[in-house]
Amino acid sequence: MKHKAFVPNKKVFIRVAEGEYQGSYNSRIEEISDDKMVLALPFIGTVPIPVRLGERIFVYSATSEAVYRISGEVIKRQLEPLPLLHIVVSGDVVRVQRRNYVRVPILLNVTYKLKDGEAIYNTYTKDISGGGVKIVLPEYLRIRDVIQMRIELPFPESPIDCEGEIVWIDKEEIVSGNRSEEIIYAGVKFTLLDEKERERLIRFLFNYQRNLIKKGWKSD
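Going by the numbering used here, the sequence shown wraps up at 234, each residue one higher than the last.
Relax, there's no trap hidden among the hints.
Below are the DSBU-like pairs computed for lysine-lysine, each with C-alpha atoms no more than 30 Å apart in a straight line:
id : residue 1 : residue 2
1  : 127       : 210
2  : 148       : 25
3  : 18        : 90
4  : 203       : 127
5  : 185       : 127
6  : 16        : 90
7  : 185       : 148
8  : 50        : 16
9  : 25        : 140
10 : 16        : 210
11 : 24        : 203
12 : 140       : 129
13 : 140       : 127
14 : 210       : 140
15 : 24        : 90
16 : 90        : 25
17 : 185       : 203
18 : 148       : 203
19 : 148       : 129
20 : 18        : 210
21 : 185       : 129
22 : 18        : 203
23 : 129       : 203
24 : 210       : 148
25 : 210       : 24
26 : 148       : 127
27 : 24        : 50
28 : 50        : 90
29 : 203       : 25
30 : 50        : 210
31 : 129       : 210
32 : 203       : 140
33 : 18        : 50
34 : 25        : 210
35 : 140       : 185
36 : 25        : 50
Note that these hints are calculated values from the structure, not bench results.
Start from the sequences, fold in the hints, and give me the full structure.
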């Protein structure tokens with residue numbers, strides 16, 4: 015099998031569709047051939063996931079363009095000398111998500127500053143995708159301003175450092191009883207983001223989005 019999304023040393027995540035350990039887990043492609051793939055066996059803490067022989071799993075891989083999926087059947091599970099999972103690939107590679115156009119609603123802490131400025135501001139996201147982010151503005155910015163950001167992902171993920179351009183600004187009035195508050199939002203397009211970091215962000219959002227969908231959320 016030859017595909018740019020599925021190559022040795024590529025970080026992926028595995029979805030187990032059934033059983034007690036149903037869910038998605040981080041992994042890595044160790045080896046790959048025309049119809050077989052060797053993956054790093056996923057763990058929960060220090061305990062390896064007991065994936066059964068013959069079980070069907072799905073392998074997801076993010077590139078700079080999209081998220082791709084293949085399915086396979088487990089044919090071998092080993093712990094020594096390295097914990098590995100061997101699968102036979104079944105079916106074709108399926109493109110399951112366009113990278114930049116799925117906005118996921120999530121509150122993440124953000125610190126930012128103007129590219130040529132010194133003052134640092136704290137705020138949070140309203141939604142985010144592989145291509146940009148919607149943030150609440152604590153101070154006035156203009157369209158086409160360039161800001162440097164640090165986006166905090168939940169533990170154990172490390173922060174995303176990036177640069178972006180303000181492409182739109184909007185206002186919303188929040189009324190609570192006799193009080194009203196004006197909130198200013200900005201849409202920021204990522205203009206400088208390492209592709210490996212972008213792929214890591216996409217993987218995180220894909221997993222988070224799956225949990226939202228289970229709760230009934232639908233993307234735009």
